[in-house]
Amino acid sequence: MRLRRIEAVRFGRLNDATLGDLGDGLTVVEGPNEAGKSTFTALVRHVLYGFPTAREKERSYHTAAGKRQGRLLFEDEGSRWVVERTEGPHGGPVEVHALDGVARPAILDEVCAGVSPLAFKVVFGFGLDEMAHIESLRGSDDDIIARLYAASAGLMVSPHDVRTTLDKEAEDLFTARGKTKRANVLLGEIRETRTALRSLEEEAASFVADRARLTELDESLAEARASRDEHRSAYSEVGRAAERLAERIERIEALEQELVGLRAELKTALEARETTAPDERILSALPELEALIEDASAHAQGRTDLRDAESALAQAQRRLSDAVAKSGRSTEQLLAIDAGPEAAGAIDAARNDLNRMEVELDNRGRELERAQMNAAENSKYVIAARRNAGIDGPGDPREMLAERYAALEALEAGRPAAGSPGGLDAPALVLLVSGIVAVVAGLSLTEYVAVGIGVVLMAAGVFFVLRRRASAGRVEDAPAAALDVLDLSVAPTGMELARIRRLLDACRSALATDDDATRGVAEATRELDLARSTLSARMTLWDRWLDFAGLGAGITPTDASHTLGVVREALNLKVAVDDAAETVERLRARLDSYACKLAGVLGRFTEVVSEPCEDDVPLLVGKARQASADARKALAAREDSERLAGELSTRISVAEQKAAHAKEDATVILQRWSVSDGDSLEAIAERERLTLEDAERAHDTLADERSRLDERLAERTREARGGELRLELSGLTERLQQTAEEYAVLRTAARMIGVTQERYERERQPEVVRGAQEVFRCITGDRYVGLTVPIAGGAVEVFDARAEARTSEQLSRGTAEQMYLALRLGLIGQLDDIGRGLPVLMDDVLVNFDPERRRGSAEAIARLADRRQVVLFTCHPETAELFASVRPDVTRITLDRC
Amino acid sequence: MSQPVRFIHAADLHLDAPFVGVDATDERVRRALVESTYRALDAVIDACIARDVDFLVIAGDAYNSKDKSVRAQFAFQRAMQRLAEAEIPVYLSWGNHDPADGWSAGISLPESVHVFSARETQRSVFERNGASCAIYGRSFRKAAETENLARSFVRDASDRLAVGVLHTNVGGHAGYDDYAPCSAEDLRAARMDYWALGHIHKPEQLFTGAVTVAYAGCTQGLDPTQTGARGCWEVTLDESGARSEFIATAAVIWDAITVDLVDAAGIEDVHSMLADACEAVARAADGRPAVLRVELTGRAEVHTELARPGVLRDLTDEVRAEAMDGTPWVWVDRILDRTRPAIDLDQLRASEEFAGDLVRMADGLLADPVAAAEIVAELIGPVLEKGGTDLAAPDPATVIAAARDLALDRLLAEEDR
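Protein chains in written order, with the numbering used here: chain A, 1 to 898; chain B, 1001 to 1417.
Simulated from the structure, these hints should not be mistaken for laboratory data. Possibly wrong hints are sitting among the right ones.
Mimicking DSBU-like on lysine-lysine, the simulated pairs with C-alpha atoms at most 35 Å apart in a straight line are [stated by the list, open to error]:
#	chain 1	residue 1	chain 2	residue 2
1	A	Lys326	A	Lys67
2	A	Lys181	B	Lys1202
3	B	Lys1066	A	Lys179
4	B	Lys1142	B	Lys1202
5	B	Lys1142	B	Lys1066
Looking from chain A toward chain B, a few residues come up when the C-beta cut is under 10 Å (computed) [as the list claims (entries may be wrong)]:
#	residue
6	Ser158
7	Val162
8	Leu166
9	Val208
10	Ala580
11	Leu725
12	Ser730
13	Glu741
14	Ala749
These numbers come from a predicted model, not from an experiment. Where a beta carbon is used, it is the ideal one built from N, C-alpha and C, also for glycine.
This is chain B alone, in the form it adopts within the complex (with noise of 0.2 Å):
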């Protein structure tokens, strides 16, 4: 068995990416932000080096074209510059969002990059010290690539061992769009020895064994949905397979949490318990600073309180000024009211009166998706239509279910006195 080669496989860098579904108001977490995937790059740059691996493989969306950031490409060129001054060389392939016809700003990356071309499946064979490789790439030509690109790589005969470098979606992956589509048969069929994929966000080996197909995931996540660790693999291949180890990079980590109210009874214990939620998060982020973002759930008391005008901007102004104190600071992005008022819905859809009526009218609607989507977008279609793409249509059942708890909430209500 002759020397195996050790390399990092990244991919969906997307530097100075927009990031989406955050609001960052506090200016610490608003540079962090911008200055995230810059120093995710710098992170897998300072782990080829520290690790002093063969070589780099970066399977597309390096940055986004259509952004136009100079800045992103100029980074990205000098990231290359300081692999290729550790003599450590570069397979890069083109994605969606960086395809070869896309913006660029005209610089040029070090010699030791090699740029798979859009036309056609490259090969190009990594040798040194006795350890010898090949690695197989091709980039998107477009951003909405929709040949199957898998099927053009082929393994050479003479190729000791063969890494393919691609930018794909593999069968149709859910909430991605299905660019370069192609099947897990397509890539067995190329022969290869490892697939680094890239496009799919989330760090995940497809399946491993004599063949491992992996996908690197993004090296920062780039939205609140993007939770958990984000970062590239180091993959260690000879003839026997691939033994890979995830390497963290995210400088921001992004987190979800569900927080049930059921047992709290006023808000004092909402803040509570949010404020516990925040160190666990803290906690977990492993001294990195993290966005957040809380669902509130459960028939709760607090339910009413928290429906009140300016008690849930209050609590959030709160417990997003306490969790920015701690470090790491942890930034409370959201808090969403998903709680449900502690008055029994089936008792009230039993009886006669006026919030049975409005509960009886909820559940029809409800059952009437058709209905309720067009009582929805009747009434916040100005809102859309004034927002363009900028605005998404909320999703009319939970609108219907919301207004139904707030209806209820105000009408049974107490009158001040």
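Next up, chain A with everything else stripped away, as it sits in the complex (with noise of 0.2 Å):
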């Protein structure tokens, strides 16, 4: 593959440039400064690589015509693709397109594959700025050398780098002295976990020790408790009898004050009682006095009762005097007459009896006035009948109607009977039946005009049939006499004579009917004679019965009734009348009775009236309350007096017997402890409290610390630390051993590429260096015929013929130069596969040689040439017309300056 062209879109100050065609071997492009000579060897770069970005510190090229692009285009066997990438995110987007041959998109990885970047700077794409940097980069990442060598050693990495990274990455996991790394840390940490270990051993070694201490605590502790009881008992015993003691004495003293209290409030009270002595009077009258004094409620209402009796005897009075007063009577008169239950009842019969006679007065004359109104009525159709029947006339009617039932009977005898043939009419029959037969032919012939010729006839056979049938009955011979009984001019007709019979009929039966109303009343007026008279015999009878019992006649039943209530009433004003007074007699008496008795109570303590009216009854019950209240209150007085006195005694009584009781306790007391008083006894208290107290503490620490044993003991029976730390330190040691074997593997991974590198440095390298030093030999002129490159880094060194080693610091810049020149023909010419498609592109590289030299430079770079496509740019004629005569069928592009 070859690139055959390079075309600069916008790129610095290039503008739609291109550069081609180039040819396969060497191509000298030839041009004077500012032709473009280095922008086209970079621009190859960026478009192989990506255009830098503004944070590289790199010649930009950029331009106002808008983002830097530029196209290369490649070349093999045949097909061409041009590779075209601009300014964008990421060194800008590539883009591949064919212009004959298959699509080949990843063309510019095939052409990059194992050059990077840098290197391609360095070693393909150089000026003689970067001629140095081949050496200045040696040992570090960017040692371009180590990577071509290793691309050469069939490597796609540095070993180099490698190793540099397994020995990293081995530190990361331990050093000597580190204290950070995996294994360092680890092996702290077992050094911590082993610690811990080896204390919870010595904690465990301890436990036989600590287990015959708890059972010395134990003995101890019990020792302990007993003193500690012991003391506490006998501080209990003194304590409690210094207490006793001291209450015993504060009671006594209590006692003592108390007596004198007491005493002083008992001669008060007997003192008391002398100066609160009743009047005996009054003390022997009291009981009657307080009895009297209950009375007085019983007075006073006996007064009430009295105005009440008087009050009810004046109204029963008053009553009586009124009920004799409405009888119009005297009152013995009144009081004289028998109201008993006789009189009441023939008051009753009599009242009953006059009763229904006048109901039986009032009907009869009712039924009398109905008959009389019946017969009237009856009159009125009598007479309408006898006007209807031809009868209205003067005369008997009954004669008359009888005449004419006559003369109907007369003529009923003479007319012809009903149905007879005669009554036939034989044409009326013909039309008739000719008239059905026409309607009934002409409906079945639809002969309308025959239908209504036949209806015409069946109307006329109707009308004479019925023609016929009206002058039927006629009477034919009927007698003159008859006709003028019956006021009739013709003879009448069968139905004219039943209307007659109709009329006469109805006359008849009225007469019968007015017949029997005049009967009607005959009978009414009878009855209420019989009614009259019967009641006026029976007024007759009250009246001698009213003298008799002496409510004098001529009043009704109910004025004798209503006369023995009255009577009654009076009898029972006067009985009531009668009890009143007695009622009245009865209380005043008692009224009297009292005042007398309170008088002659109070009279003999105090002075009161002798002979008391009913007014002075109030003034004495308020004396006996006010004497009876003093005696009381006297009384109750000294009865309190002599309590209080006899309470006081006893209470003296128990108080001494109490002091006599405590200061014979606090006696034993005292001589129980051989001591002379309470504060003794204290002291002794204060001692023993002391020796408790240290005793209790004893027993307390001895407590507390056979607790925390027992505990720490028991702790350990369940503690499962042992075993985690156990545990944690296999772990540790686990990931520690791991980590070892890491670290033996990358230490080892390292030293083994270590020691092959320099081996194959030793035995293969001379293969990469042969041919830079065959280079640098010739462009020397065999002036220099050695040159060492350490793979591992370090500074280059030639030999002389001699031997003589210089680094490129010795060497001239020249020299250095064809040095540095050299190391690139002889890398490039060991880099079989790596970067086949890349060309070798040189800017002016030859400069600073002399003309021999630069001869034998141009002649190495034409042998490179053959294998590799090369291009270099001069700006020097002499130097292309140099390339054209070492290699006459080289390639020339000239440029112009921009």
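Each chain sits in its own coordinate frame; assemble them with the hints.
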């Protein structure tokens, strides 16, 4: 694959500039300064690897025309592809177009395989500025020689880099003096865990001793507990005694004070009893007096009752007077009337009889009126019936009626019988039948004319039939007399005869009814008269009884009953008056008795009226109450004084006994503890308290220690920390073991790479270096015959024929640049498959060479061009001519200044 | 034939023992592991009571005396007290971890516990309800007991049934200290009907028949290598011989699996395969939590990705968190990356390039264990020096191979552009 053309669309000062076509081998591009030679070189690298960003310290070749853009045209076995890159993120997007041939989207990766951007810049596309980089980058991460060397050794990465990485990774795991590396941390943790385990084991080792100590503590604790209990008991006893003594003393003092007070109170009580003696007269009359006082309310009630009785008496008297006055009789007369039940029964019987008879009389009167009204009504019917029957003239209607019946019967006798054969009209029947036939035939034949004729015939037939029937039944030979009687001018028809008979029948019926009404009136009149006479007789009897009973004639039974009621009321009122009078008398006597009695009792010890009236009683009662209350009060005061004195005497006696007992107890206590007073006993109690505190402290100290020890021992029997620590130690050891193995593998791998590398340098590096050495020897015309390039870094050395070594710093600039060029040519010569599609671009790298060495260099470059595409830019025509002379088939391109 | 005797044979309880090789950073796991030996003891006692056995024999290492764990000794005392209350006698011999001269918290065991002397082999006779059995036993006097104690066991002619209780390494069992060494012939010569042995943590019956010789194994696995069932034997013994039934008592199961990543295309595949493996372990754990160690193997494409810093750690964290969410939980203790790069080492070995040189150099070291050990010892020396006895020198060959693979991974990895 060969780069055939370089196109700068927009790049630095180049716009739509093209460089090509480049040759397969060596191409010399000749152009003056500012013709764009360096720009084209940079463009190739940027299209291959991306445009540099602003952060990269590199010339950017920006252009005002727009985004930077360039194209490279590659050719491989007759096919061509264009790789185009435009400025953008991440170096800018790349597009690959196949001009002819199959699509090859990964052509860029193929071209650049194994060559980093820096390697390209330093080895493949370089100028004078980059010449020394090939050595200055030695030993760094950008050791181009090492990388290309690795590639030439069949590796994808530099063994030096790998070894460095492995060593670094190993150092991340462990360093001899490190503390934060993984293995170092683990070692530290293991030490700590072991320390903890040892501590635990030491604790365990003391377990037996601790258990023995626990047993000792149990014994000591039992002794301490016994001692404490003993002292506690002693202290408790003396304490209780001291307390009891103090309490007794205090009690004695209190009792003595109490006795003084009680005796004073007793004296006061006795004096009070003497000064509150009551009046004996009052005391002797006190029961009677209090009884009377108790009766005072009854007496007051008696006075009220008396007034009520007097009022009732007056009221009864008034009502009796009213009753007598209302009867119109004197009291004696009134009270003399027998108002017993017999009189009342007679009055009631009379009242009932008279009432019944009066009702009977009224009924009979009303029956008569009804009979009379009926008779009058019937008379009206008779008149109408006679008029209808034609007998309303003067004379006996019954005779007139009989005459007319006779005439009627005569006429009826002459009237032909109904339904005789002479009743039918043949022509009318013919007409009628003909009409029917015509109608039927017309309807059957749909001859409506015949139907019409039939209808006319039928109508005529019907007319004549009806007329015949209307004239049928008439009396043919009626007697004139009969007609006269009946006021007829022509012989009547049957129907007319029937009507006349009905009228005559109605008249006859009316006349009969009229006779019945007349008889009813007469009967009612008789009944009324009988009732009236019966009533009159009963009235006479009533009057006689009234006179007998003293009630006076002429009054009704009702009045008589009323009078009897008045009599009975008067009698009752008389009894009430008598009773009320008796009550008044009785009450008055009781009141008088009470007043006298009260005055009598009071009179025994005070001045009162000897014969008190009723009005004096309240005053007397008041005095009695006052006297009673005073007496009672004096009596109560005396009793209180006596009771108080008694109580006080008792209390004094009890207090004296208590004081004696307390003194006795105190004496016993003092004797028990052989002391004379309470303070001495208190001192003994205080000494015992201090002793007890010491015993308790000793006990508590032992108990605490035992409790802690027991808990610790129990904890040890349960605690799983030992197992956890051993497991932790196992984990740490396991991790350390793994880390150590990992470390060993890393270190061994690094060592193996190093050993292999050393051996490879020793045995195989000459293949690389020999190429450079040969180039350098040719360039320098055998001035320098040897060249060493330590693969692990370090200065490159050259040797002259006398094996004298010189580093690049010891060479002249030209010679040093020749050495760098030789290194590049030697390296590239060994890169068989690395970057095969990449051209080697050299930008006036021979300017510092003398003519002899320039020719040597040109020959070396020409030899490289036999295997790789080489493009050499120069602004020196003589250089171009030099190459043309060295390689006549060189492709020459001339650039003009931009 | 008289009544048989039924007893439980347990050993190596190692109460409160230090776990080795496990890094339990999860609190649940830590708690479960710390409590596991106690729970296993409870399980043994529960089994004795539930099965109403005639007696219990413990063939040494009930606890680790040198740890001076008071809790362990008291827990053991309480357990013995439970059996005493259930009227189940215990025949106990001390082992190398709890020798007679070891540290004691000064506790006294119930009278129903017969502790065999360290000075001589003792005979104790169990008799109940017509069943009779002589139990012989001897304790370790000191931890490093090198005397052949089995030879001191001689069956009395009057014994109807005889059981020997001893903590011993029969036939120099590899991986265990050769304490109280003896041979199978020594055991046979004692003419016991049943040998209740302790010391080897894996339960096994060395031989059966006229005489049965069995290791009870530990009641709870103590490190990642002690995978599989752990517990004790219930033995029914009569004149016809012994019939044994294994009783699992471990509270936490240890398990180790290997996952071949040859088919894994990426980390996601590895994650999925590990999740499946954890589920399988949880199912097989019979309801008990498990601590799992995983070894990733195979020449896998994901080797390079796994070798990147932090990738395996992140993967372990994720798988661990998921497995801990299950019931029962599974603690992924460690995922060992034993995968190899997908590169063809033979091809590299034949090339003249740098990688070829490196492979050949590694081959040379692997072929020369002394040189490999020297270079590894030199490189890891500072760490080992600091770590002291806590650290074991890694296997040089493993380190060399891992270093070779790591170097190739890094050298041949594409450089990030």
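The hints, checked one at a time:
1. Lys326/A to Lys67/A: Answer violated: Lys326/A to Lys67/A is near 155 Å, above 35 Å.
2. Lys181/A to Lys1202/B: violated, 39 Å
3. Lys1066/B to Lys179/A: holds, 31 Å
4. Lys1142/B to Lys1202/B: holds, 23 Å
5. Lys1142/B to Lys1066/B: holds, 12 Å
6. Ser158: holds, 9 Å
7. Val162: This interface hint holds because 4 Å falls under the 10 Å limit.
8. Leu166: holds, 7 Å
9. Val208: Because about 4 Å separates Val208/A from the closest Cβ in chain B, which is inside the 10 Å limit, the hint holds.
10. Ala580: violated, 114 Å
11. Leu725: holds, 9 Å
12. Ser730: Hint holds; Ser730/A Cβ to chain B Cβ min 5 Å, cut 10 Å.
13. Glu741: For Glu741/A, the interface hint holds, since the closest Cβ of chain B sits about 5 Å away, which is under 10 Å.
14. Ala749: holds, 4 Å
Going down the numbered hints, you'll see the structure goes against 1, 2, 10, while the others check out.
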